[in-house]
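K.L.:
Chains as they are written, first to last, in the working numbering: chain A, 1 to 176; chain B, 1 to 244; chain C, 1 to 556.
I should point out that these hints are in silico values taken from the structure, not numbers from a laboratory.
Treat the hints with caution; some may be incorrect.
[To be verified] Below, computed lysine to any residue pairings styled on SDA-like, alpha-carbon distance capped at 20 Å:
{"hint": "1", "chain 1": "C", "residue 1": "Lys-33", "chain 2": "C", "residue 2": "Val-23"}
{"hint": "2", "chain 1": "B", "residue 1": "Lys-160", "chain 2": "B", "residue 2": "Arg-179"}
{"hint": "3", "chain 1": "B", "residue 1": "Lys-81", "chain 2": "C", "residue 2": "Pro-284"}
{"hint": "4", "chain 1": "B", "residue 1": "Lys-81", "chain 2": "C", "residue 2": "Arg-345"}
{"hint": "5", "chain 1": "C", "residue 1": "Lys-427", "chain 2": "B", "residue 2": "Arg-66"}
{"hint": "6", "chain 1": "B", "residue 1": "Lys-107", "chain 2": "C", "residue 2": "Pro-241"}
{"hint": "7", "chain 1": "B", "residue 1": "Lys-81", "chain 2": "B", "residue 2": "Leu-57"}
{"hint": "8", "chain 1": "B", "residue 1": "Lys-107", "chain 2": "C", "residue 2": "Pro-319"}
{"hint": "9", "chain 1": "C", "residue 1": "Lys-33", "chain 2": "A", "residue 2": "Ala-101"}
{"hint": "10", "chain 1": "B", "residue 1": "Lys-81", "chain 2": "C", "residue 2": "Val-292"}
{"hint": "11", "chain 1": "B", "residue 1": "Lys-160", "chain 2": "B", "residue 2": "Gly-144"}
{"hint": "12", "chain 1": "C", "residue 1": "Lys-427", "chain 2": "C", "residue 2": "Ser-481"}
{"hint": "13", "chain 1": "B", "residue 1": "Lys-160", "chain 2": "C", "residue 2": "Gly-314"}
{"hint": "14", "chain 1": "C", "residue 1": "Lys-427", "chain 2": "B", "residue 2": "Val-63"}
{"hint": "15", "chain 1": "B", "residue 1": "Lys-107", "chain 2": "B", "residue 2": "Leu-57"}
{"hint": "16", "chain 1": "C", "residue 1": "Lys-427", "chain 2": "B", "residue 2": "Ile-59"}
{"hint": "17", "chain 1": "B", "residue 1": "Lys-160", "chain 2": "C", "residue 2": "Pro-241"}
{"hint": "18", "chain 1": "C", "residue 1": "Lys-33", "chain 2": "C", "residue 2": "Gly-314"}
{"hint": "19", "chain 1": "B", "residue 1": "Lys-195", "chain 2": "C", "residue 2": "Asp-450"}
{"hint": "20", "chain 1": "B", "residue 1": "Lys-160", "chain 2": "B", "residue 2": "Thr-120"}
[Stated by the list, open to error] Only part of the chain A face toward chain C is listed, based on derived beta-carbon distances under 10 Å:
{"hint": "21", "residue": "Glu-4"}
{"hint": "22", "residue": "Phe-14"}
{"hint": "23", "residue": "Ile-20"}
{"hint": "24", "residue": "Val-21"}
{"hint": "25", "residue": "Thr-26"}
{"hint": "26", "residue": "Gly-31"}
{"hint": "27", "residue": "Pro-42"}
{"hint": "28", "residue": "Leu-92"}
{"hint": "29", "residue": "Pro-95"}
{"hint": "30", "residue": "Trp-98"}
{"hint": "31", "residue": "Ala-102"}
{"hint": "32", "residue": "Phe-110"}
{"hint": "33", "residue": "Ile-114"}
{"hint": "34", "residue": "Leu-117"}
{"hint": "35", "residue": "Trp-134"}
{"hint": "36", "residue": "Ala-137"}
Just so it is clear, the structure is predicted and the values come from calculations on it, not from any experiment.
We put the CB at the ideal spot given by N, CA and C, even for glycine.
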Amino acid sequence: MTDEAGVLLRVSIFGFVIGIVYWFLTYEWLGTVCLLTLGAGPGVAGLILIQEQRARGGAGEPRAEALRRLAGIPPQDPPGPKDLAAEDLGVLPLPTIWPLAASLGVAVLFTGLIYGLWLVILGLGLLAYATWGWLAAVNRENRYGRIQADTEAPSPQSGPVSDPDPHPSAAGQPES
Amino acid sequence: MPSRRAPATRWLVVTATVLAAAGCTPQSVTEQGQAIYNLYNLFMYIAAVVFVVVSGLVIWSVVRYRRRDDELPTQTHGNNKLELTWTVIPTVIVLFLFVVTIQAQDKVLDSSGDADVNVTVTAFQWSYRFTYEGTGAEVLGSPGTIPEMVVPVGQRVRVKLLSADVVHTFYVPQTLFKRQAIPGTVNEFDLTFEKEGLYHGQCTQFCGLQHTDMTFRVRVVNQGQYQTWLAETTRRGSAGQPGT
Amino acid sequence: MATTELPLPALPEAHHEEPGGIVDYLTTVDHKKIGILYILTAFAIFLVGGLLALVVRWELASPGLQAMGENTYNQVFTMHGTLMIFLFAAQVTTGLGNYLVPLQIGAADVAFPRANAMSYWLYLFGSLIVFSSFFVAGGPAAVAWTAYAPLSTDQYFQGTGMDLWIIGLAVVGVAGILGAVNLVTTIFRMRMPGMTMFRMPLFTWGVLVNQLLILFAFPALTVVFALLFLERNFGAQFFNPEAGGQPILFQHIFWFFGHPEVYIIILPIFGIISEVIPVFSRKPLFGYRAMVFAFFGIAALSFGVWAHHMFATGLVYLPYFAIMSLLIAVPTGIKVFNWIGTMWRGAITLSTAMLMSLGFILVFLIGGITGIFLASPPIDFAVNDTYYVVAHFHYIMVGGLLYGMFAGFYFWFPKFTGRLLSERLGKLHFWLFLVGFNITFFFQFLVGLDGMPRRIADYQIERWASANLISTVGAFLTGVSVLVFIWNFLVSIRRGQPAGDDPWGGNSLEWVTSSPPPSHNFHHLPEIHSERPAFDYHHSPAFAAGTDPERNPDRG
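All chains, full assembly: derive it from the sequences and hints.
P.N.:
Have a look at this one:
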C-alpha cells in the first residue's frame with residue numbers, strides 16, 4: 001500500500017469510527033450521515049489506489065510493511081535520482097484560453113439560475129464550446145507534443161501559441 | 001536557563017491577569033449562572049498559566065538564542081520523550097477541563113426542581129412577548145420598545161422559549177446564560193434569580209433589520225411586589241409595557 | 001504523470017522570462033503565474049474587506065447611529081465576513097500553495113495545469129458575481145456571512161443580492177473543490193524520486209491537509225447553498241417548520257462545512273510558520289513527524305466539532321462536542337511546543353519573516369486559549385454571539401492568518417520576484433501591526449464578557465463606548481500597517497535588493513532553483529536524502545569545493 005492510500009484509509013477509518021460513536025451518543029441523523037460519508041469517500045479512493053497498485057503488478061507488500069505504513073511509520077529510503085537528464089520532468093500543456101472560457105460558461109450558467117433559462121442556455125453553450133476547444137487542444141498536444149524537435153514540422157494549431165523552443169540543448173546549460 | 005527573578009514575575013503576571021479577568025466577568029445573579037462563573041475562573045487560571053509559560057518560553061528563546069556567528073547550532077531533529085510529555089500533559093489538562101465542564105453544565109441545566117413561575121417567551125422580529133402561564137398576564141413588546149419580564153426573587157422561573165419567525169436568542173448578560181429561540185422548537189430552561197434588580201437583556205442571534213434594537217429587561221422583585229404586578233397586569237389585559 | 005506516445009524530447013534551453021502581458025496571464029497554465037493571480041486577487045479582496053471593517057469600526061466607535069442606517073450596517077458586516085472568509089482567506093494560501101507546492105516537491109507543474117487555470121478563473125468570476133450584488137436593487141446580502149435560515153429564505157429576506165451571493169459563492173466553492181483535486185493529486189503523484197511523503201516540507205503537508213479538508217467539507221457548503229437557493233427560488237420548504245422543515249438543518253450542514261473551513265484557512269499558515277522558523281533558527285524543524293501527525297489530528301478532529309457553534313440552540317448533544325473541541329488543543333499545543341523546540345538552542349535571526357512568525361505564535365496562543373473557553377458549553381452560554389467570540393476568531397483569523405500570510409510574503413517574495421522586500425519597512429509594518437491589532441481586538445474580549453452582542457449597528461450602554469473607541473483607533477492603525485506593507489511591496493518590486501537563489505539559507509527545494517524559477521521550475525534537481533534538500537545541497541562538501549557537477553558557477 002502506498003503512503004497516499006495510507007493517508008486516505010486513515011481518514012476513512014476515523015470517519016467511520018467517529019460516525020458510529022456519534023450515532024450511539026446522539027441518534028442524530030444528519031451529523032451521522034455526514035461523518036459516515038467522510039468515512040466512505042476517502043475509503044473508496046484509498047481502496048481504488050490499492051487496487052491500481054496491484055493491477056500495475058509488482059510483488060505484493062508483506063503484511064507487516066502494510067501495517068507499518070498504515071500506522072505512519074515510513075519505509076526504507078528509495079534510492080535518489082542518478083541521472084536527472086533522463087528523468088521525466090513532465091510535458092507541460094501550452095497556454096490556452098479554454099479554462100477561462102469554460103469558467104465563464106460555468107459562471108454564466110449558474111447566474112442563469114437567477115435570471116432565467118435563456119441565460120442558463122447561454123452558459124451551457126459557452127461551456128460546451130469551451131469544452132470542445134479544450135478537448136481538441138488536449139488531443140492535439142497528445143499527438144504532436146508540447147516541445148518539438150527541430151526536424152518535426154510544426155503542428156497545426158489554432159488559438160494562442162507559445163513559441164516552442166526550436167533549439168533544444170543538452171541538459172546542463174546554465175540559464176542566461 | 002531562566003533567571004531567578006523570572007518565576008516571581010511569572011506569578012505576578014498570572015495573578016494580575018486572573019484578577020483582571022475576574023473583574024471583567026460579571027458575577028451571576030442567578031443560581032444556575034454561579035456555576036458558570038466559577039468554571040470561567042478555573043479556566044482563566046489555567047489559561048493564564050499556560051499563556052505565561054508558553055509565551056515566556058518563546059520570548060526567552062528569542063532573547064537567549066540569537067545568532068552570534070556563522071557556526072551552525074546542533075542540528076537536533078526532535079525528542080520523542082518530550083513529544084510524549086507535551087502530548088500527555090495537555091491531554092490530562094483537557095480531560096480535567098472536560099470533567100469540570102460537565103459538572104458545571106449539569107448544574108446550569110438542572111431543571112429537576114418544580115417551577116414556581118412559568119413564563120413563555122416568544123421572540124419575534126424585533127421584540128419579545130412574555131406570557132405568564134396559568135395567569136392572564138402578558139407583556140408584549142414591539143420594535144423600539146424594551147419589554148420587561150417581571151419575576152420574583154429566589155423562585156425557580158421556568159422559561160419556555162419560542163420563536164414566531166426566525167432564529168432569535170434570549171440572553172441576559174448578568175445570568176451568564178443564553179438560549180436560541182428556533183421556530184418550530186420549544187426550548188426550556190430554568191432561571192432562579194438571587195438578587196433583586198433590573199437586568200439588561202438582548203437578542204444576540206442576528207435576526208434582520210432591527211436586530212440591534214431587540215432588547216428587553218428582567219426586573220427581579222420580591223414576592224409581594226411580584227404578586228401585585230401580576231394582579232395588575234392580568235387585570236389590564238395584555239397591554240404592551242411602555243418602553244423607555 | 002502525463003502520458004504520451006512520443007519519446008520524451010530533451011529539455012529546451014530556458015529563454016529569459018519576460019514579464020507576462022495580459023494575454024499571457026489570460027491563457028497561462030503555469031502554476032506560478034496562477035499562484036500570483038490568486039494572491040493578487042485575494043489581496044485586492046482583502047483590501048475591500050478591510051475597508052468594510054473600518055466602516056464597521058467607524059460606526060461602532062460611539063453610541064448612536066452616526067454614519068449609516070441599520071440596513072446598510074447589516075450589509076457592511078455581512079459582506080465584510082463574506083469577502084474575508086469565503087473570498088480571501090482560503091484563496092491567499094491556495095495561491096501560495098499553487099506557486100510553491102510543485103517547487104517544493106520537485107515537479108514541473110501541478111497534475112492538471114489547465115484545470116488549475118480553470119480553478120482560478122472560477123474563483124475570479126464567482127467573486128465578481130458576489131461583488132455584483134452591490135449593484136442590484138436592494139443591495140447585497142444582509143444576513144451575516146453565516147446566512148442562517150429562516151432569515152435568509154425568501155420569506156424574510158428578499159432581493160436578488162442574496163441570490164447572487166449564493167450563486168457566486170457556489171461557483172467559488174466549485175473552484176475550491178477542483179483545485180483541491182488538483183493539488184492532492186499533485187502531492188500524491190508528482191513528487192520527484194527520493195521525495196517520500198515524510199520528506200516533504202511542512203508547508204506542502206499543510207497544503208495537502210488543507211486541500212483534503214476542502215475536498216470533504218466544501219461539498220457540504222454546496223449542498224446547503226443548493227437547499228437555500230431552492231427554498232428561495234423554487235418553493236422548497238427545507239427550513240420552514242410550518243411545512244415540516246427544520247431550521248436547525250441549516251445550522252448543522254453549514255457548520256459541518258464551517259468548522260473545517262476555519263482549519264482550511266489556518267493549516268497552510270501552520271505550514272508557513274513551520275518553514276520560516278527552522279530557517280531563521282538554523283536548525284531543522286523539531287519533531288517533524290509529530291508535526292505531520294498533529295496536522296492530521298487537527299484536521300480529523302475538526303470534522304467532529306461543528307456543533308460547538310450551536311451550543312446555544314439547546315438541540316445538540318453537548319458533551320460529545322465539548323470533548324472533541326477541547327481535544328483540538330492537544331495537537332495544536334504539540335505544534336506550538338515543536339516551534340519552540342526548533343528555536344531552542346538555535347541561532348535566531350530576527351528577519352521580518354521571523355518576527356511575523358513570532359507574532360503569530362503569541363496572538364495565536366491567545367486566540368487558541370480563548371477557543372478552549374468557548375469549547376466549554378456553560379462558558380459558551382455566557383459569551384457566545386458576543387464580542388468575546390468576535391475577538392477570539394479575529395485573533396485567529398486576523399492575528400493568525402495575517403501574521404502567517406505576511407511571514408510567507410516576506411519569506412517568499414524574493415523567490416517570486418528575485419528581489420528582497422525592505423527589512424526596514426518590514427519591521428515598521430510588524431510593529432505597527434502588532435500594536436494596532438492588539439489594541440483593536442483585546443478590548444473586544446472585555447466588552448464581550450460584559451455582554452455586548454455581536455452584529456449590532458449600535459449600542460446604548462455607555463460603559464461599552466470607551467472600549468469600542470479604542471478598538472476603532474486600533475483598527476485604523478492596523479490599516480496603516482497594511483499601507484506600509486503595500487508601500488514596501490511597490491518600492492521593492494522595482495528597486496529591491498537582488499535576492500539570488502537562496503537569500504535566507506532555506507531548507508526546501510524551491511531555494512535550489514533561480515529566483516524567479518524558470519518556466520519548468522528546475523534545471524537541475526539535487527538528490528533528496530532528508531526533509532531539507534536545499535540545506536543538504538548547500539552544505540554538501542561537493543558543493544562547497546565547487547566540484548559538484550550540478551553546481552552552477554553563474555548562480556554562485
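K.L.:
Is Lys-160/B close enough to Gly-144/B, meaning Cα to Cα at most 20 Å?
P.N.:
Violated - the C-alpha atoms of Gly-144/B and Lys-160/B are around 23 Å apart, more than 20 Å.
K.L.:
Using the nearest Cβ pair, does Leu-92/A come within less than 10 Å of chain C?
P.N.:
With a closest approach of 5 Å, the Leu-92/A hint holds.
K.L.:
Given the hinted pair Lys-33/C and Val-23/C, is their Cα-Cα distance within 20 Å?
P.N.:
Judged against 20 Å, a Cα distance of about 12 Å means the pair holds.
K.L.:
Check the hint pairing Lys-107/B with Pro-319/C against an upper bound of 20 Å on the C-alpha distance.
P.N.:
holds (14 Å)
K.L.:
Given Pro-42/A was flagged as interface, is its beta-carbon under 10 Å from a beta-carbon of chain C?
P.N.:
Holds, because the Cβ-Cβ distance from Pro-42/A to chain C comes to roughly 7 Å (cut-off 10 Å).
K.L.:
Need the status of pair Lys-81/B, Pro-284/C: alpha-carbon distance at most 20 Å?
P.N.:
Given pair Lys-81/B, Pro-284/C holds - Cα atoms ~18 Å apart, limit 20 Å.
K.L.:
If you take the shortest Cβ to Cβ gap from Trp-98/A to chain C, is it below 10 Å?
P.N.:
Trp-98/A check passes; min Cβ-Cβ to chain C is 7 Å, inside 10 Å.
K.L.:
Decide if the proposed pair is consistent with the structure: Lys-33/C and Ala-101/A, CA atoms, cutoff 20 Å inclusive.
P.N.:
holds (18 Å)
K.L.:
Between the alpha carbons of Lys-195/B and Asp-450/C, is the straight-line distance 20 Å or under?
P.N.:
With Cα atoms ~18 Å apart, Lys-195/B and Asp-450/C stay inside 20 Å; holds.
K.L.:
Holds or violated: is the Cβ of Trp-134/A closer than 10 Å to a Cβ in chain C?
P.N.:
Nearest chain C Cβ about 7 Å off; hint holds.
K.L.:
Go through the hint on Phe-14/A and say holds or violated, using the shortest Cβ distance to chain C against 10 Å.
P.N.:
holds (5 Å)
K.L.:
With a cut-off of 10 Å on the beta carbons, see whether Ile-20/A makes it to chain C.
P.N.:
Constraint on Ile-20/A not satisfied, violated at 12 Å.
Hint check: violations occur at hints 6, 11, 15, 18, 23 and 34; the rest are consistent with the structure.
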